[in-house]
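Student: Okay, here's what each chain looks like letter by letter:
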Amino acid sequence: MGSTVTTANTVGKTWDGGNEPLGASYGKLMMWFFIVSDALTFSGFLAAYGFSRFKFIETWPLADEVFTHFPFAHGVAAPMYYVALMTFILIFSSVTMVLAVDAGHQMKQGKVAFYMFLTIIGGLIFVGSQAWEWKNFIHGEYGAIETKGGSLLQFVDATGKRVALEEFADTSIPKEREQLTRGKAKWFMEEGSLPTYSVEQIQAGFKSHPDLLVRIETINSAETVANTKGLNENPALNSPKHKLILSRAESEKRLADATIVVEGANLQRNEYGSKLFADFFFFITGFHGFHVFSGVLINIIIFINVLLGTYEKRRTYEMVEKVGLYWHFVDLVWVFVFTFFYLV
Amino acid sequence: MSHEHVSNTKRIWFVFGLLSVVTTIEVILGIQKPEFLHMTNFLGMNLLNWIFIILTIYKAYYIVWAFMHMEGETPALRRAVVWTVIFLILYLVFILLTEGHYVFGVFRDATIKWNF
Numbered sequence: 001m002g003s004t005v006t007t008a009n010t011v012g013k014t015w016d017g018g019n020e021p022l023g024a025s026y027g028k029l030m031m032w033f034f035i036v037s038d039a040l041t042f043s044g045f046l047a048a049y050g051f052s053r054f055k056f057i058e059t060w061p062l063a064d065e066v067f068t069h070f071p072f073a074h075g076v077a078a079p080m081y082y083v084a085l086m087t088f089i090l091i092f093s094s095v096t097m098v099l100a101v102d103a104g105h106q107m108k109q110g111k112v113a114f115y116m117f118l119t120i121i122g123g124l125i126f127v128g129s130q131a132w133e134w135k136n137f138i139h140g141e142y143g144a145i146e147t148k149g150g151s152l153l154q155f156v157d158a159t160g161k162r163v164a165l166e167e168f169a170d171t172s173i174p175k176e177r178e179q180l181t182r183g184k185a186k187w188f189m190e191e192g193s194l195p196t197y198s199v200e201q202i203q204a205g206f207k208s209h210p211d212l213l214v215r216i217e218t219i220n221s222a223e224t225v226a227n228t229k230g231l232n233e234n235p236a237l238n239s240p241k242h243k244l245i246l247s248r249a250e251s252e253k254r255l256a257d258a259t260i261v262v263e264g265a266n267l268q269r270n271e272y273g274s275k276l277f278a279d280f281f282f283f284i285t286g287f288h289g290f291h292v293f294s295g296v297l298i299n300i301i302i303f304i305n306v307l308l309g310t311y312e313k314r315r316t317y318e319m320v321e322k323v324g325l326y327w328h329f330v331d332l333v334w335v336f337v338f339t340f341f342y343l344v
Numbered sequence: 001m002s003h004e005h006v007s008n009t010k011r012i013w014f015v016f017g018l019l020s021v022v023t024t025i026e027v028i029l030g031i032q033k034p035e036f037l038h039m040t041n042f043l044g045m046n047l048l049n050w051i052f053i054i055l056t057i058y059k060a061y062y063i064v065w066a067f068m069h070m071e072g073e074t075p076a077l078r079r080a081v082v083w084t085v086i087f088l089i090l091y092l093v094f095i096l097l098t099e100g101h102y103v104f105g106v107f108r109d110a111t112i113k114w115n116f
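In order, the protein sequence lines correspond to chains A and B. Here my numbering is used: position 128 in the first sequence is 128, and no number is missing along the way. Here my numbering is used: position 57 in the second sequence is 57, and no number is missing along the way.
Since the hints were made in silico from the structure, they are not lab data. Just so it is clear, CB atoms sit at the ideal spot from N, CA and C, and this is done for glycine as well. A hint or two may mislead.
[What the hints assert, rightly or not] Covered stretches of chain A, going by a simulated chain B footprint (3 or more residues, C-beta under 8 Å):
#1 93–100
#2 297–308
[What the hints assert, rightly or not] Here are the computed distance ranges between Cβ atoms for each label pair:
#3 Lys207/A / Leu43/B: 44 to 52 Å
#4 Phe14/B / Asp16/A: 39 to 47 Å
#5 Arg108/B / His242/A: 15 to 23 Å
#6 Glu252/A / Phe94/B: 38 to 46 Å
#7 Asp16/A / Leu47/B: 50 to 58 Å
#8 Lys207/A / Phe116/B: 20 to 28 Å
#9 Asn41/B / Ala158/A: 29 to 37 Å
#10 Ala158/A / Lys113/B: 23 to 31 Å
#11 Ala158/A / Leu47/B: 51 to 59 Å
#12 Leu47/B / His139/A: 31 to 39 Å
#13 Phe14/B / Asp64/A: 54 to 62 Å
Turn these sequences into a full structure, and let the hints guide you.
Tutor: The structure is reproduced here in structure tokens:
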């Protein structure tokens, strides 16, 4: 509330200067300016994500197959639970922030400090959770094959359940080459880490496991099946709005075109599907995480000032209000990221 | 603008409860994906996605109005922020999604295969 700072009586002075139509202090107005521009930045990102998703609407990865991890629950597919937990943490830290602002209005230094502290803890937990989410995303779970044409092949068993590369790769075949490191060559020669298995090992392993099938990126619907005529998809395993599973013969044909083994995700390719998916994930959640991180830093600065009694001396806790605006904005952005990355 | 700074604690906890309930509903729907919502299309999108987006905007409203205290600002400030942002975002989203859908059609109907 700007009224804590602006005290001028503005009645009947419309044209005489000193009028304050917005009734907010300079600092708060500037925070609103920043928030508006930042909101437009984020909507630019999310709209670009929407653009790419509409462009590849029939092959976009399904979020509930990608984000399935939960701490201490290994091998259990738990879609959405973890990110829901993160959402609750952020909403709760928003609540403690607004409680701090509320306590500031009543000039209760101790209460403000306590709620600011909780807010900082909540922010740190959120950033940590995001790091864990990134770790799982980068590390991957099943692995996949990229074909000559740039599409992605994943593997399922006879019941349609996903199968990891390590479960069938034929490691009796030697890999085509060793990892190049500085120790084995000149000091300036090295390369990015090679995949665990080579394409030949995967192809041989697939041949020796006759129950394995290939799953392609295309999402099953009446339309996509009509568009991909001649594609011998597997009617028994396929259900609507899931990725298409091919017949064994078609699977072998597709796998013959394999060029690269993909494990996990990086900015070039990822095992989940469309290459842009990982790029947008890293960029948007990364940019949001950066906002949370800088929000925590600003909160810490304000927290220290609360402890030092700076705002007691000023007789106003407006600074807490301003940083609160920023913090709620970060929460607001997450609400949208949550919807468009994990739900829709 | 409330000049007398009464404590709003009750409202804050109410909004927290509301946001939690809405998030829980979203998560339950997202996990279960009820068939009749997921498979029914309305204006180019299935009903489930419409529900998610409407609930998100509902949550955004409460965050901005209650937590960012937009309800206490002057109408001029409120409109300057909210109308500007809503107009620009609708404009941007409309253009990019329309274009994205068009490019999708180009890829689908082209004689050249892009991804195989």
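Student: Are any of the numbered hints broken by this structure? If so, which, sorted upward?
Tutor: 2, 11, 13
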